[in-house]
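Colleague: Chain residues, written in single-letter form:
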Amino acid sequence: MEEVNDPEVPVLSILDLGIVRDVKLEGNKATVIITPTYSGCPAMDAIRMSIRMVLLQQGYKTVDVQTVLSPAWTTDWMTEKGKNKLQAYGIAPPTPVQQVCHPGLFHREEAIACPRCLSHHTTLISEFGSTACKALYRCEDCKEPFDYFKCH
Amino acid sequence: MSHPISLINFTLHLADDALILGHRNSEWTGHGPILEQDIAISNIALDLIGQARNFYQYAARLIQESPQSEREGWMPFTAGGETTEDSLAYLRDGWDFKNCLLVEQANGDWARTLLRQFFFSAAQYYLYERLQYSKDTQLAAISEKAFKEVAYHLRWSSEWVIRLGDGTAESHARLEKALEELWKFTGELFVPAPYEQVLIREGIGVDFSLLQPKWEEKVREIFIEAQLSYPAERAGLSGGKEGRHTEQLGYILAEMQFLQRAYPGCEW
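If you read the protein sequences in the order shown, they are chains A and B. Residue numbering for the first sequence follows the numbering used here, starting at 718 and increasing by one per position. Residue numbering for the second sequence follows the numbering used here, starting at 2 and increasing by one per position.
Isolated chain A, as found in the complex (with noise of 0.2 Å):
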């Protein structure tokens, strides 16, 4: 699973993401059972496609991927190797230990740090990015505008 990234995020795999809940293997037959991220996200039947791929060069007769979508998913299951990725990747990472995570109207998510300069003076430029689990920011600092893949 290690070899499956997500296409939009390639620097991550699944793993990476949280979103492998379970693996049973039994004999030739393997099943995988994920939780997608979003709703609309375009890429899971990219990585749905992928796993069963990555099976059947591993050998196996039978791949079964199963969608599970409860408990949602969240940003609290990307692992710490995850967040550094993307990090050096040019994405800020969910921020740590999330004070707030449903801020309300016009607040922010605090101290969202520049992946370049690691500067806090960023200021929010949309909260729907390139893709559905990030949003917009931009450094005030360097000027690097920035993805953040947002609290979820």
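Worth flagging that the hints you see were computed from the coordinates, not collected in a lab.
Which residues of chain B face chain A? A partial, calculated answer using Cβ under 7 Å:
(1) Glu145
(2) Lys146
(3) Trp157
Taking lysine-lysine and the DSSO-like style, the derived pairs with C-alpha atoms no more than 27 Å apart in a straight line are:
(4) B:Lys149 <-> B:Lys136
(5) A:Lys746 <-> A:Lys778
(6) B:Lys149 <-> A:Lys800
(7) B:Lys149 <-> A:Lys798
(8) B:Lys215 <-> B:Lys178
(9) B:Lys149 <-> A:Lys802
(10) A:Lys798 <-> A:Lys741
(11) B:Lys136 <-> B:Lys215
(12) B:Lys185 <-> B:Lys215
No residue lacks a Cβ here, since even glycine has one placed at the ideal position from N, Cα and C.
Add chain B to chain A, keeping to what the hints say.
Modeller: Using the frame of chain A, we list chain B on its own:
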């Protein structure tokens, strides 16, 4: 399960609401007022269409599992002998769709689109908040997942209603016009259809008398910030949940279903 038909109808109603509003929002893709908001409304469209897929997949499964005698009624919506999420979305007619009238209304300007989103997201938020504890475990699971997404939609649309209402004279006037046009469709959100009444009794659906006060409180709270007055009369056009729609739905279906109807079963 004692009332599979009510459960199928309710699941289709939830799916249709999400699909039709998702489709309307997607009409903004490439036409948003600024790039960031174009992306935002397209993301919301994507979330809604994803929710619709989850509900349609479940409805398709319920139809497939129901006894042959009961499946007859759903046969027009099967492709190649099988009912699927796609056959339910692309092969049903206007009178089969069970979405609320609010979601099919034309986009109009940005104010109207935003106000429509705000009214709907507020209703969806309180509905999913409770539906995640439904006795039906699949509806509960879909709602649990979607609830987190809708929280973002509600916050985003609330902020825009405030921004426009408390903005310039022009933005305020446009929002007031949108309110005048859309208010009459909001009453239906809390009028239970017969299939909803059945499910409320069974602990599968959600009692609207619990949701409506929360929705009204939220709308009042945002309207105060947005300098809008809360309409005195309770508005009441309805029928969408039972397949009686405004002329708007026909235009959406004509565009959305054309390809599957002209070239049945085509894929790309």
